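Peer 1: Residue numbers (my numbering), protein chains in the order written: chain A, 1 to 388; chain B, 1001 to 1388.
Keep in mind the hints are simulated off the structure, nothing from the lab.
Careful, some of the hints might be misleading.
[Said to hold, decoys possible] Some but not every residue of chain B turned toward chain A, in silico, with C-beta under 8 Å:
#1 Leu1141
#2 Glu1204
#3 Val1205
#4 Met1310
Note that this is a predicted model, so its numbers are computed, not measured.
Even glycine gets a Cβ: it sits at the ideal position worked out from N, Cα and C.
Protein chains: 2
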Amino acid sequence: MTATFDMALIQRGARLRRSPYFDATLRAGCRSYTVYNHMFLPTRYDDLHAEYERLLTGVTVWDVSVERQVEIKGPDAFEFTNLLTPRDLSKCAVGQGKYVIVTADDGGIVNDPVLLRLGENHFWLALADSDVLLWAKGVALNSGLDVELCEPDVSPMQVQGPKSKEVVRRLFGDAVLGLRYYWFLETDLDGIPVVVTRTGWSGEVGYEIYLRDGSRGVELWDRVMDAGADLGIAPTGPSDIRRIEAGILNYGIDMTLDNNPYEVGLGWQVDGDKEGDYIGREALARIAAEGTRRRLAGVEIAGGPLDLNMTRWPVRGEGSGGGGGEQVGVVTSAVWSPRLKRNIGYAMVPVAFAEIGTRLRVATPDGERAASVVRRPFVDPDKEIPKS
Amino acid sequence: MTATFDMALIQRGARLRRSPYFDATLRAGCRSYTVYNHMFLPTRYDDLHAEYERLLTGVTVWDVSVERQVEIKGPDAFEFTNLLTPRDLSKCAVGQGKYVIVTADDGGIVNDPVLLRLGENHFWLALADSDVLLWAKGVALNSGLDVELCEPDVSPMQVQGPKSKEVVRRLFGDAVLGLRYYWFLETDLDGIPVVVTRTGWSGEVGYEIYLRDGSRGVELWDRVMDAGADLGIAPTGPSDIRRIEAGILNYGIDMTLDNNPYEVGLGWQVDGDKEGDYIGREALARIAAEGTRRRLAGVEIAGGPLDLNMTRWPVRGEGSGGGGGEQVGVVTSAVWSPRLKRNIGYAMVPVAFAEIGTRLRVATPDGERAASVVRRPFVDPDKEIPKS
């Protein structure tokens, strides 16, 4: 198996779901899909470096309908949703969103959705790849709280890149330009109902358009493409290069149910002055007091360009003679950054190996390479995505 | 889009997990994978009809590690597990398994695993494609029951087909031949720890070998292949043709969280004399009393061989003039049966359209075709998989 191993996958049967934009992505020449939340997620239309360049300099459109929503409504929706996360939702106004983590009783991360508060007692969680609807229904069972939980007909697309602002201005008017990070507008595009948010998974200027009527996906897609035609708008997959540069984590690999927020650098999500109970509170307080045993460190890996890793690469500490010691952890994500001209990524290692400057050895498919722990995010640390 | 549309998918990053048998499946020339429970599931090595013939006449090996387990242990494990399903687990002995459904509060189907009872208070649920670990953890939260829930290091493979019996006899001795349907043995193969069950997803004679040490997957794979070499053993994907012939349902398409057991023909799972509470009891009793509005009917679709459907095909009732009326439902699964020389499948339709002999119109990618409701299973109704 090489680092460029491409896995040909063929859908069998109608089990995996298609997005409302699916026919448009096929028509646009999408060359590969992955599977996320039981649906197809378009991952590339062009060379990955070309798509990255386009994201950095122009405007790109991603079909991220796979960000399925859990909708929480009912008289106790605020109280229930506030139970699901260590973030203090009393600080989240109607019209505002937040990047949140959903935690289990042991502090493990169930998901890291973007939460939107559409009403006092009306929330959406735009999910990463795990069945949070089942989690929420299980939690609700004996909670004594009166809530309605469902997956509504809502399908986001991302419009990302420096020219995205002009595209959404043309579509939705000047009102959208005033959106602060993580805030949103409920509006429509000639009758196509949408929510427009100032969010994204790119570290660039970006917006998401949440379509509220799945029958109108291709129509919305075409409107967005038309609005950006003279700006060179194009569909792409989410850019793993750009999100790693920005220090953004990918649920399912950089963090899972087996990780607590402190070890992956999301300790800031645990709101110290949050009042009332939430799931995981006790475990997280204990972990915070005791400290974590391992940490997701930023790493630079020496040598020429590596393709995005397809498996977890073993990591060893550097032995006293410059050789490698025992395996101490794994690289979760790693990729070549064209503008940094370095291989960057994350490694889950014991805290003793997570200090800036620690030297490591990484077993890549092309052989072992030297690596060192560096600060993340890797690009524009001052422009890090706001934590609000 | 044609019915033979093949979708090329390329994994990006290490997010999707690989099975302990993954390297062996690659080496064996696996030509396509799908994604199931966040893992790769090998779906074909050869022509699908050739694989089907092999299953009917020989012995096939399927990497179904994607059947992830939820393990339930602890002092209240029996009581907790019995809460999750409408089947009465007091009738399940240690050493016995059962095909069960897991139901939500509204009677919706969360999953349809094979349950194994390894001890008085020790269970595994071998899952279809949904995150039941999250469901179970949510349910456990306020249940007041003392249970430990995890995903253990357990990875099943299926050995299916008339010659499977000889293969497992050679591997595990005569003891395995005495297994009744859904019973199992805990044993080992020269130190490789396994559980061998008399189960499968094929309607043919078959077994599953649950590997209990993921580091030994390729070793086990090679041992199984060696044991059947002179019998023409070969790796294949699960056969959609054969499972539809047998009337077996595929979770995620033939039934979902939006379906109750009565409408998909799994009403027999609701154990009328089960004592005590379980999740969904009240809703299921109400549905049973009121009757369902729709039903998953067996259908035959006229005309030449259809490829397995890639989307849900619209179904209309036959109008008075022989033409079609309004859309009344969808085909969930359909495929050409080589031995029946007919297209067979399932359609979710209102009960008025689900009576045997009802004439329907199905919109296939090649145009509308006549169809009629028939009894399922389609093959050997007397040899239907035992319901115990």
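Peer 1: Have a go at the Glu1204(B) hint: is there a Cβ in chain A nearer than 8 Å to its own Cβ?
Peer 2: Since the shortest Cβ distance to chain A is 19 Å, the answer is violated.
Peer 1: Double-check Met1310(B) for me: the hint is only fine if its C-beta lies closer than 8 Å to a C-beta in chain A.
Peer 2: 6 Å, holds
Peer 1: Tell me if Val1205(B) is really an interface residue toward chain A, meaning its C-beta lies closer than 8 Å to one of theirs.
Peer 2: Given a least distance of 23 Å, the restraint on Val1205(B) is violated.
Peer 1: Please verify that hint: Leu1141(B), Cβ, nearest Cβ of chain A, below 8 Å or not.
Peer 2: Hint holds; Leu1141(B) Cβ to chain A Cβ min 6 Å, cut 8 Å.
Violated hints for the displayed structure, listed by number in ascending order: 2, 3.
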